[in-house]
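Throw the hints in and build the complete structure from the sequences for me.
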Amino acid sequence: MNVTIENLTKVYGGKVHALNGVNLTIPNGMFGLLGPNGAGKTTLMRILAGILHPTSGTVRVGGREVKSERDRTEVKRILGYLPQELGMYPDLSAREFLDYMAILKGLDETKARRARVEWLLETVALKDVANRKLKTYSGGMKRRVGIAQALLNDPKLLIVDEPTAGLDPEERIRFRNLLSELAGNRTVLLSTHIVEDIAQTCQQLAAMTSGRVVFSGTIIELLAQTRGHVWLVATPGQKPEGDFTMVAATPLAGGGMQYRVVGQPAQGMQATPAEPTLEDGYVWLMREHRAAPSLAAV
Amino acid sequence: MSSMSQLAVVAGAFRYEYRMQIRRVSVWVVLGLLCLLIFGIWSLGGNAELHGYFTSGREGIPVHWVPPDPRSAVLDWVQFLGLFVPLGIGLVLADRLARDKRTRVDELLDTAEGSPSARLTGKFLGSTLATLTPLLIMYFALVAYMVQQTGQFTTIVPLAVAGFAAVLLPAALFVAGFSVTLPLILRVPVYQFLFTGYWFWANLMSPKIGIPSIVGTMLNAAGPWAQEGIFNYNWTFLRLNATPAQGYLSIALLSGLGLAAVLGMGVYLRWQHARR
Amino acid sequence: MSRFLRREALRYEVRVVGPWLFVLPLFVAVLFAIAAGMMAFKQAQHSDISNMLMAGIEGAVPLVVGIACAAIASREPALELQLALPAQYRVTVLWRLVLLLAWAALIEIAGVAVLALAFPWALHRAGSGYLLTWLAPLLWCGGIGALLALLLRNRAAAIALLGVAWVFELVFHGLMASYGWTQALDLFATMFSAAASFWLANRLELIGLGVLFLLATWFYLRNTEWRLRGEDA
Ligand SMILES: Nc1ncnc2c1ncn2[C@@H]1O[C@H](COP(=O)(O)OP(=O)(O)OP(=O)(O)O)[C@@H](O)[C@H]1O
Ligand SMILES: [Mg+2]
Chain W
1 MNVTIENLTK VYGGKVHALN GVNLTIPNGM FGLLGPNGAG KTTLMRILAG
51 ILHPTSGTVR VGGREVKSER DRTEVKRILG YLPQELGMYP DLSAREFLDY
101 MAILKGLDET KARRARVEWL LETVALKDVA NRKLKTYSGG MKRRVGIAQA
151 LLNDPKLLIV DEPTAGLDPE ERIRFRNLLS ELAGNRTVLL STHIVEDIAQ
201 TCQQLAAMTS GRVVFSGTII ELLAQTRGHV WLVATPGQKP EGDFTMVAAT
251 PLAGGGMQYR VVGQPAQGMQ ATPAEPTLED GYVWLMREHR AAPSLAAV
Chain F
299 MSSMSQLAVV AGAFRYEYRM QIRRVSVWVV LGLLCLLIFG IWSLGGNAEL
349 HGYFTSGREG IPVHWVPPDP RSAVLDWVQF LGLFVPLGIG LVLADRLARD
399 KRTRVDELLD TAEGSPSARL TGKFLGSTLA TLTPLLIMYF ALVAYMVQQT
449 GQFTTIVPLA VAGFAAVLLP AALFVAGFSV TLPLILRVPV YQFLFTGYWF
499 WANLMSPKIG IPSIVGTMLN AAGPWAQEGI FNYNWTFLRL NATPAQGYLS
549 IALLSGLGLA AVLGMGVYLR WQHARR
Chain S
575 MSRFLRREAL RYEVRVVGPW LFVLPLFVAV LFAIAAGMMA FKQAQHSDIS
625 NMLMAGIEGA VPLVVGIACA AIASREPALE LQLALPAQYR VTVLWRLVLL
675 LAWAALIEIA GVAVLALAFP WALHRAGSGY LLTWLAPLLW CGGIGALLAL
725 LLRNRAAAIA LLGVAWVFEL VFHGLMASYG WTQALDLFAT MFSAAASFWL
775 ANRLELIGLG VLFLLATWFY LRNTEWRLRG EDA
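Chains as they are written, first to last, in this note's numbering: chain W, 1 to 298; chain F, 299 to 574; chain S, 575 to 807.
Possibly wrong hints are sitting among the right ones.
Covered stretches of chain W, going by a simulated chain S footprint (3 or more residues, C-beta under 8 Å) [unchecked claim]:
{"#": "1", "segment": "70 to 81"}
{"#": "2", "segment": "87 to 97"}
{"#": "3", "segment": "101 to 111"}
In case anyone wonders, no lab produced these hints; they're calculated from the structure.
C-beta atoms are modelled at their ideal positions from N, C-alpha and C, and glycine is treated no differently.
This is how it looks when you write it as structure tokens:
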């Protein structure tokens, strides 16, 4: 299930340009979406999920253009969506909630529906607490209900918006492994701020900032772009000079500090090139496109 | 905790709540439509009072000229607003704290310093005054019109200020005290239904209907005691023969009850907190 | 469409909306019935007792239904999930509104039946259409409650407007009956002007307006961008 996006723009209320001409091809498998706060990730995902209408541009899902309300409904039939802000009905239990969602997703055959719900409860390890009301669930448990809900209709296209935010490390690893297992025979679009999640699960990724896609390709391609811009700088203690973004500072065993920087350290600093990580690649992209004030300020 | 820092807590909660409430478009829309409605009712008689008019001269009574009476025009405006505006304010304010609870802002605030009573008081004053802001603007817009029409600044403006302070402000504090606090124990729509019914029953139901009610008591929050006692104005369907003292007493009573509801809820919250 | 009629789907919709919203009109109706019963026990005049019943049928139940409709139209904890479903969310909302209105209609029919059996004369003044007199304020209040809550994105504000309009009409019922254009909006025409010539026209106009409000709600529910902005708060 390929998703192709061409010249997609979204303007909120005639003022906020959330997407400015997005071009992107999302192939089968896991696809990661990175970008700072306000980059437009959620907006893009909402449009793909048929929740919002684009201001202009085209979206193709499986080669078919999504234009009318009917097209959107067709996409929704094969879609699983986990929103960033996951609201649920506090007074339903997980089992009831999934059953209700399954009815709304058109799983009409009662027995098959029940079986599906039980299987998913098992998959996300919530069987033991499935009869407790959702308002008693922790954040991580709610996320798991959320992903189970998204999988009810065995979607060909799975869109998950920052699913690992707020999860403890173990839970996060379990979660992303679950996602990669699922990606075998479907398209999974995953947005996150945690670069590590993408590094571990996605071959392909895109980075967005200010409503534009500034990189799209494989991790290897991104690392290749970044190579030559990552340095280790050792100093007796003071901060090194130059035009770069610092990504790490570690005290050295024999005194002094070692800084890891992305960019160009000043002439005369003791800098040795380093092998880039995905995080360095992200920092490099954001530096190049000068739209990550939170990082530039470091 | 010292009384000084309690005051700081009240002020902090006040500022936050005032800003939150004044930003809401819906508050302006509700108060705007309300004032428009009341203006419609007022204009049926008030404009004539302002300019003077000829009687219709029915059944043998000769037509005669009634001279302009800007005083009555102002007090009519106050009276009609007093009948409905507190109802609107009480209904709009009903979701203030309940919303905090839902969005979990309250947990954030619970960890902050200050007693629940101080915080509640600040929130109560902030949201009430914010809701009164659009009213004040529209209230004085009509007052300005009356001044412009008659040129009697000294008759109209002090009276209008006094009318606002004696009738609308205490009523607003009274209803707001309950609307801000009771939805913490009742569901908001349930409270709103009960409050609407209560407002009609306690303030607007003419004794002629024959259902026992508290319209004739000091708990009437629509302003008859202040109107009669202080401004010597004949209120719409009640004759209370109120003295000025009773007028002032009703102001104190209504404002006090509103504040008492807030402080009472503060005590209740602290008790509940201690039990947890 | 068939999914709506399944019993389990119905049960879920009621639970998602909140069963207490359905209890509320019943509670109010019972309250008025008890009040009327007490009046009968105290040997009050028949006209007073029937007025009390009519106040519940024509006044209180429609108000509480309007409040409930505002809640249904504006509250949706799982909005984004609903919007991403193949089942259209606005159909779901409309269905919830219909469920509540139908439930309220049952209550109202029971009320009118009691009134018609106990005091047949109290209704006959309004002609034979009297058995449906509750439909007009019910649809009007429900429709405007839902529509305002959507437009304002604020349930409390919507209910404030509804509540003020309701009390205003109750207090100025004489005024409402005396102008052509206000007659069309008179919610309490059976209580105060049952014998008036405009009664039937008034009922039909209110029903028409109520349906119009519900239609507008239906169209407005398409505006997902507006809803996604959350409450106006
Ligand atoms: N409903 C809305 N109305 C107006 N502006 C909006 C709306 N939703 C989002 N925006 C704006 O659009 C831009 C993109 O927002 P979006 O939520 O898509 O970013 P994001 O990449 O998901 O950010 P985050 O990482 O913080 O989730 C932001 O500037 C945001 O303020
Ligand atoms: Mg986002």
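Hint check results:
no.	hint	verdict
1	70 to 81	holds (count 5)
2	87 to 97	holds (count 7)
3	101 to 111	holds (count 7)
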